[in-house]
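**Q** Sequence:
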Amino acid sequence: MEGRTIEKDIRSNIITNDNRRKEADSTVEKEQNMRRITQPEMRKPCAIKLPIGFFDSDKVRILYGQKNGASVVLLYIMLVDFAAKSNRNGALYVADGIPYDAEVIANLTRMDAAVVKSALESLQRFGMIRMDNDAISVVAYAQLVHYEQSRRRRR
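In this note's numbering, the protein residues as written are 557 to 711.
Because the hints were derived from the structure by calculation, they are not lab data. Where a beta carbon is used, it is the ideal one built from N, C-alpha and C, also for glycine. Treat the hints with care, since some could be wrong.
[To be verified] Just the calculated beta-carbon pair ranges, DEER-fashion: (1) 681 / 634: 15 to 21 angstroms; (2) 605 / 669: 16 to 22 angstroms; (3) 686 / 611: 20 to 26 angstroms; (4) 614 / 651: 33 to 39 angstroms; (5) 652 / 617: 34 to 40 angstroms; (6) 651 / 618: 18 to 24 angstroms; (7) 603 / 651: 20 to 26 angstroms; (8) 677 / 601: 17 to 23 angstroms.
Take the sequences, apply the hints, and build the full model.
**A** Below, the structure is given as structure tokens:
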């Protein structure tokens, strides 16, 4: 008799555990569906690819030779990153209609505002950025930022 009750208990535990798993799976699916609905559309993954010899180019060497030259080159790479985040073909915008300016860039990069202003002037002089009506855009953005295609998983 005791053997039968033990078997019943084991069977009921298995059934109960299966039901718990199903409930947990359905809860996870519901949470994932809610995330899909509430989260904004995710951006495509992208990569910033500097050309080979970027640091050996004449422009970059001249920039390095200036006062705070390393900061200027670093700032340029950060501007490319900001342009990729705003996803507007190289134009730098904080939000719709609000362009980045020297003060905003100084706050975001934690650099001195005077260094940022002189760096922006130098980068504009060398044709690495363009400033139109206080809006900054990265020249040759398409060659620096590459959006990755979704890759199939190999089995």
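**Q** Hints first: check each against the structure and report whether it holds.
**A** These are the hints, each one checked on the structure:
1. 681 / 634: 15 to 21 angstroms: 18 angstroms, holds
2. 605 / 669: 16 to 22 angstroms: Given range 16 to 22 angstroms: violated, Cβ gap about 30 angstroms.
3. 686 / 611: 20 to 26 angstroms: 22 angstroms, holds
4. 614 / 651: 33 to 39 angstroms: About 36 angstroms separates the Cβ atoms of residue 614 and residue 651, which means 33 to 39 angstroms holds.
5. 652 / 617: 34 to 40 angstroms: 38 angstroms, holds
6. 651 / 618: 18 to 24 angstroms: 34 angstroms, violated
7. 603 / 651: 20 to 26 angstroms: 24 angstroms, holds
8. 677 / 601: 17 to 23 angstroms: The hinted range 17 to 23 angstroms is violated for residue 677 and residue 601, with Cβ atoms some 33 angstroms apart.
When held up to the earlier numbered hints, the structure conflicts with 2, 6, 8 and fits the remainder.
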